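2 protein chains.
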Amino acid sequence: MISKKAKLGTEPYKGVRDFYPEDMFIQNHIQAIWRKTAESYGYEEFGASILEPSELYRSKTSEEIVNEQTYSFLDRGDREVTLRPEMTPTIARMVAAKKQELIFPLRWFSIPNLFRYEKPQRGRLREHWQFNADIFGADGKESDLEIISLARQTLLNFGAKENDFEIKINNRKIMSYILRSIFELDEDNARRVSRLIDKKEKMSDKEFSDEAQNIFGARTSQFIHVLESKDLDTVTMNIRKGDEEIVGIVEIRELLEALKEMGVTNAFFSPTLMRGFDYYTGMVFEIYDKDSANKRALFGGGRYDDLLTVFGEERIRAAGFGMGDVTARDFIETHGLLPEYAPACDLYIASIGQEQKGPIRSLSEDLRQKGLRVVSDVSDKRIQDKLKKADRKKYPFVLIVGADEVKTGKYKIKNMKTGEEIECRNEEIADKLLVDSQ
Amino acid sequence: MISKKAKLGTEPYKGVRDFYPEDMFIQNHIQAIWRKTAESYGYEEFGASILEPSELYRSKTSEEIVNEQTYSFLDRGDREVTLRPEMTPTIARMVAAKKQELIFPLRWFSIPNLFRYEKPQRGRLREHWQFNADIFGADGKESDLEIISLARQTLLNFGAKENDFEIKINNRKIMSYILRSIFELDEDNARRVSRLIDKKEKMSDKEFSDEAQNIFGARTSQFIHVLESKDLDTVTMNIRKGDEEIVGIVEIRELLEALKEMGVTNAFFSPTLMRGFDYYTGMVFEIYDKDSANKRALFGGGRYDDLLTVFGEERIRAAGFGMGDVTARDFIETHGLLPEYAPACDLYIASIGQEQKGPIRSLSEDLRQKGLRVVSDVSDKRIQDKLKKADRKKYPFVLIVGADEVKTGKYKIKNMKTGEEIECRNEEIADKLLVDSQ
Numbered sequence: 001m002i003s004k005k006a007k008l009g010t011e012p013y014k015g016v017r018d019f020y021p022e023d024m025f026i027q028n029h030i031q032a033i034w035r036k037t038a039e040s041y042g043y044e045e046f047g048a049s050i051l052e053p054s055e056l057y058r059s060k061t062s063e064e065i066v067n068e069q070t071y072s073f074l075d076r077g078d079r080e081v082t083l084r085p086e087m088t089p090t091i092a093r094m095v096a097a098k099k100q101e102l103i104f105p106l107r108w109f110s111i112p113n114l115f116r117y118e119k120p121q122r123g124r125l126r127e128h129w130q131f132n133a134d135i136f137g138a139d140g141k142e143s144d145l146e147i148i149s150l151a152r153q154t155l156l157n158f159g160a161k162e163n164d165f166e167i168k169i170n171n172r173k174i175m176s177y178i179l180r181s182i183f184e185l186d187e188d189n190a191r192r193v194s195r196l197i198d199k200k201e202k203m204s205d206k207e208f209s210d211e212a213q214n215i216f217g218a219r220t221s222q223f224i225h226v227l228e229s230k231d232l233d234t235v236t237m238n239i240r241k242g243d244e245e246i247v248g249i250v251e252i253r254e255l256l257e258a259l260k261e262m263g264v265t266n267a268f269f270s271p272t273l274m275r276g277f278d279y280y281t282g283m284v285f286e287i288y289d290k291d292s293a294n295k296r297a298l299f300g301g302g303r304y305d306d307l308l309t310v311f312g313e314e315r316i317r318a319a320g321f322g323m324g325d326v327t328a329r330d331f332i333e334t335h336g337l338l339p340e341y342a343p344a345c346d347l348y349i350a351s352i353g354q355e356q357k358g359p360i361r362s363l364s365e366d367l368r369q370k371g372l373r374v375v376s377d378v379s380d381k382r383i384q385d386k387l388k389k390a391d392r393k394k395y396p397f398v399l400i401v402g403a404d405e406v407k408t409g410k411y412k413i414k415n416m417k418t419g420e421e422i423e424c425r426n427e428e429i430a431d432k433l434l435v436d437s438q
Numbered sequence: 001m002i003s004k005k006a007k008l009g010t011e012p013y014k015g016v017r018d019f020y021p022e023d024m025f026i027q028n029h030i031q032a033i034w035r036k037t038a039e040s041y042g043y044e045e046f047g048a049s050i051l052e053p054s055e056l057y058r059s060k061t062s063e064e065i066v067n068e069q070t071y072s073f074l075d076r077g078d079r080e081v082t083l084r085p086e087m088t089p090t091i092a093r094m095v096a097a098k099k100q101e102l103i104f105p106l107r108w109f110s111i112p113n114l115f116r117y118e119k120p121q122r123g124r125l126r127e128h129w130q131f132n133a134d135i136f137g138a139d140g141k142e143s144d145l146e147i148i149s150l151a152r153q154t155l156l157n158f159g160a161k162e163n164d165f166e167i168k169i170n171n172r173k174i175m176s177y178i179l180r181s182i183f184e185l186d187e188d189n190a191r192r193v194s195r196l197i198d199k200k201e202k203m204s205d206k207e208f209s210d211e212a213q214n215i216f217g218a219r220t221s222q223f224i225h226v227l228e229s230k231d232l233d234t235v236t237m238n239i240r241k242g243d244e245e246i247v248g249i250v251e252i253r254e255l256l257e258a259l260k261e262m263g264v265t266n267a268f269f270s271p272t273l274m275r276g277f278d279y280y281t282g283m284v285f286e287i288y289d290k291d292s293a294n295k296r297a298l299f300g301g302g303r304y305d306d307l308l309t310v311f312g313e314e315r316i317r318a319a320g321f322g323m324g325d326v327t328a329r330d331f332i333e334t335h336g337l338l339p340e341y342a343p344a345c346d347l348y349i350a351s352i353g354q355e356q357k358g359p360i361r362s363l364s365e366d367l368r369q370k371g372l373r374v375v376s377d378v379s380d381k382r383i384q385d386k387l388k389k390a391d392r393k394k395y396p397f398v399l400i401v402g403a404d405e406v407k408t409g410k411y412k413i414k415n416m417k418t419g420e421e422i423e424c425r426n427e428e429i430a431d432k433l434l435v436d437s438q
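Chains as they are written, first to last, in the UniProt record's numbering: chain A, 1 to 438; chain B, 1 to 438.
Honestly, I wouldn't trust all of these hints.
If several chains are the same, the list does not tell them apart, and a pair holds so long as it fits within one copy or across any two.
[What the hints assert, rightly or not] List time: in silico SDA-like cross-link candidates among lysine to any residue, alpha-carbon distance up to 25 Å:
| no. | residue 1 | residue 2 |
| --- | --- | --- |
| 1 | LYS98 | ASP385 |
| 2 | LYS241 | ARG219 |
| 3 | LYS407 | ALA258 |
| 4 | LYS357 | GLU421 |
| 5 | LYS119 | LEU74 |
| 6 | LYS98 | LYS394 |
| 7 | LYS36 | PHE25 |
| 8 | LYS14 | PHE73 |
| 9 | LYS14 | HIS128 |
| 10 | LYS410 | ASP391 |
| 11 | LYS36 | PRO343 |
| 12 | LYS357 | LEU256 |
| 13 | LYS161 | GLU340 |
| 14 | LYS36 | ASP391 |
| 15 | LYS370 | LEU434 |
These aren't lab readings, by the way, just hints derived from the structure by calculation. All values reported here derive from a predicted model rather than from experimental measurement.
In isolation and in its complexed conformation, chain A is listed as follows (with noise of 0.2 Å):
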């Protein structure tokens, strides 16, 4: 028996979301799309708990972020655990933990929800959904070129055109080599300004300037102007002529080539493109929303060729991105993209008067074989309340069956939204009305 005791609060946690049927129905589309693109391409979709044992995230993460910014508990058991903040880890482990029975190449994916501790915000919340594609043991430069086509296809199947983003690629060789062997900085040093350049977007000239001061002193200058050329070429070129092929500098050509002979017009380099510091090792790339209202990254990915090192397994090829659902809904509604809503029936049926019920029922049960979704009111409530709630409802067509119909085997089938009325008998109505709502 439930307590009346207490009345409780109907708000769901702080951060998280209630998905209503018109939201689920949002959610749904976004996922539909993400699946198809990413089967398209041949990727199979694989999955795990949200449970995680929390060293998986303390080796290739910070102890901050493990300590402060996911959901880590022990558990009944003292066992730490961790709600996942990302899939990474977890794609890398599954691989590991089978790497002698898989077939490799992989081409895999998954569309987990990924949880975070902290202050929800536009874009940010506790929880949310994200789309993983991953491929591991192929040929990198094929797979690189792969992971960005995949990603790109993905916006244009949701109806966005190619102006509507741009896709910015680095490689994480240039920058490193960039630092170290130009700059002559140490590990410590060059992972300060990688921090540094992460964050310029949200710093002014000045601070940015003054903060690479302390760390390039006199040089600060040219730094900034290598990171301002657009240009491949100026950012390269004070890279010894043997070092092109160890930097990257050849990958990413080749890569930029091979898009534009695919006719993506929309693809840049971007030699200010960091993507924080963990296990990335050659390109990277984000997505630009371009739209004023919504200017910000939408995704990304790269390469991290070094991911199972840590389960003692040697590097393994592999590179994949992730897109959040937040940020999706954020882009699709930006452009216009928002899927109608359509309530999950195809045909209301409602009965006028008691006698009705076991045709209905019959007739109801027939029309879900044949493949339709089908709402049946057999209840006592009149039939005009019941008209009117279909229409509230969103039904598309509606049946309304008395003692003639039974008698007859004739019905009236209305569409709600034109008013027209489409005469037949029982056995044509699943025919007539899937080719209807196609």
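With chain A's structure known, arrange chain B on it following the hints.
Chain B in isolation, oriented as in the chain A frame:
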């Protein structure tokens, strides 16, 4: 950079599952049948976060369950949060929150993952997925019937036959009346009996009878006689004439009759069916696997008209059920209904030589636009190795592209099951394979 100091384990967290593509394939099959069945009845999908305020469960579940069987912890802001152990409190919260705006009746379903902290064992894991279908605010008798029909249809849509399972039906009001009015038990003792009946199957007759003795004394054998009667008339023969309406006998008779009229042959009255003691207020049902290898309750549900009262809302008629993925998988496995694994790929395109990269990329993009799932492999590996992998990966069709094919635009597609080769021009490929893959 990844720290290489510690070698991490690759096991998932205790009691949860990794879904490799072959497992995910089955998981997606199960969820697709759930979704399709619910939508065929016009049910709309909703969702919510797995994180819920702990108080949501305290109000209607015992403190013991929240404290010992859930994942509950304090977040960094000192909020008590629980990973949802079931979906019913969440749907009640969401319906209560928007009761004024929603258009009743609601037909809602969801496929949440749920969590419980207990010893993992066959059929019971720490995280599982569950199909939940609920109807709110409809005529009581009709929605009891609809919920049972929907549950039954779900199993039929998996390919099960009516004879593979049986539906046991009871009504909480009957047992409640028998215990209180006939055996004159107080609330505490009535609750003790309900719990006792619930675990009857796990006890010997002697153990059961001994415990019953403590409550019923001299009337123990009379009580056991009631429990053992399979027949509605015997169980209810002592009920006073005028009380039949109140205690649900009319409801259950009409329900069984309507099911029979619909041609359902495997639904029975079962006086010992209790389903715990919480929110149920009327009809309860369970579906049992009849196969001796898996003989147990698969899932169940019932009527809970008081669900919204904890939120200070008026009672509202409601019924629903939940079906778990672990038992669903056991069921379809036991009855030979598991689908055969097929990778998410219709065509594998392999290059011979270096010059075909560009043309293969264009062809692949074109075929994807036409709806094919294409894996393209333009790596430098030997063609024999590519074919061997395609075979091991179970790709159904293979297209080898060399210089000749690019020059002439004529392709040979190999059916990997039959060995047969289809000759066609590139513009014919999609049509041929889309027909073939159906």
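Quick rundown of the hints versus the structure:
no.	hint	result
1	LYS98 / ASP385	between (60 Å within a copy, 21 Å between copies)
2	LYS241 / ARG219	within (22 Å within a copy, 99 Å between copies)
3	LYS407 / ALA258	between (68 Å within a copy, 20 Å between copies)
4	LYS357 / GLU421	within (23 Å within a copy, 56 Å between copies)
5	LYS119 / LEU74	both (23 Å within a copy, 16 Å between copies)
6	LYS98 / LYS394	between (49 Å within a copy, 18 Å between copies)
7	LYS36 / PHE25	both (16 Å within a copy, 15 Å between copies)
8	LYS14 / PHE73	both (18 Å within a copy, 14 Å between copies)
9	LYS14 / HIS128	both (13 Å within a copy, 24 Å between copies)
10	LYS410 / ASP391	within (23 Å within a copy, 54 Å between copies)
11	LYS36 / PRO343	both (21 Å within a copy, 14 Å between copies)
12	LYS357 / LEU256	between (66 Å within a copy, 15 Å between copies)
13	LYS161 / GLU340	within (19 Å within a copy, 38 Å between copies)
14	LYS36 / ASP391	between (32 Å within a copy, 24 Å between copies)
15	LYS370 / LEU434	both (9 Å within a copy, 23 Å between copies)
In the structure shown, no violation is registered for any of the earlier numbered hints.
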